[in-house]
Amino acid sequence: MTMQQSPQVDLRHLYVQYSGKRHGSAGWALEDIVLQIRRGEQIAVIGPSGAGKTTLLQTLACASEPVQGEYFFHGQAVWQLSGSQRHRLRRQLFLAPQTPPLPPRQRVVTAVLAGRLPQWSFLQACKNLIYPSDPHAAFDALSRFHLQHKLYERVDHLSGGERQRCGLARLLLSGAELLVVDEPLSALDPTLALQTLQALQQAARERQASLICSLHQVDLARRHFDRIIGLRNGKIIFDSHQVSDQMIAGLYQNAGTASAANPDNEAGSTDKIRTTNAGLPSLSETMLATDHSRCS
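Residue numbers in the sequence shown follow the UniProt record's numbering, run continuously in steps of one, and reach 296 at the last position.
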């Protein structure tokens, strides 16, 4: 990868607004976001709770439509594409939410293979519910996260951390070139968190995919990512390859007060974001329950 190559992602002065609010700074979930990502980059997004990290990731995955600005993916204006064109585009994007939407009675092998849903026909998807199409691929993906022994376990028998890793294994089967991961380490102990992060980064490198990862573990972000974006109150405070202690301190200074002043931007309130109908076909929502936050 060279710095001369054209960007994979180009966000130009994007504004994403909370629903039910008038235009203005108080209503922006994201404000004046300018960001370029080249294929293969690995970027950590950090910031206090309520900074807009999840909204930024949703925007990258086309789950939140901006009210101003433009989003280009490989030079294509995403929100000017037709519905069918965006449906094809979603094969190249994958958003792994902090809490994967996994049906409780589903087997892990089926949940992981659902990462291939954008590549399947309706008939293939239905067949996979009964007869998993490629259990070996699911086993290999799970093994990267030390979860291969849970291949035929039911999802509701998994712990919170195991569910997170199951969602990451599904990401590896997606075939996407832009991997957007929201707080993948939140339910993991320090040792397992490091192993999981390293496995995720290695998998992204092997397929030359871009990895955008929001983290609360600032120390891990600084040690393992060459580029870090600091987000606060919906704005990019810094986007740098070298992040100093002073920059970190400024990013988190009085963070509790800032979050309290804008409670709608708290983690977990993403349902208040103005989102588009960016889900997968209804089959995925009602049967496979794969990640709904992608282009359609």
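Read the hints as simulated data drawn from the structure, not as lab findings.
None of the values given here were measured: they were computed from a predicted structure.
Even glycine gets a Cβ: it sits at the ideal position worked out from N, Cα and C.
Some clues are possibly wrong.
Across the chosen pairs, the derived CB separations fall in these ranges [stated by the list, open to error]: (1) Q76 x E153: 22 to 32 Å; (2) S244 x E70: 27 to 37 Å; (3) S244 x T191: 21 to 31 Å; (4) Q119 x H146: 44 to 54 Å.
Here is how each hint holds up against the structure:
1. Q76 x E153: 22 to 32 Å: violated, 40 Å
2. S244 x E70: 27 to 37 Å: About 32 Å separates the Cβ atoms of S244 and E70, which means 27 to 37 Å holds.
3. S244 x T191: 21 to 31 Å: holds, 28 Å
4. Q119 x H146: 44 to 54 Å: About 26 Å separates the Cβ atoms of Q119 and H146, which means 44 to 54 Å is violated.
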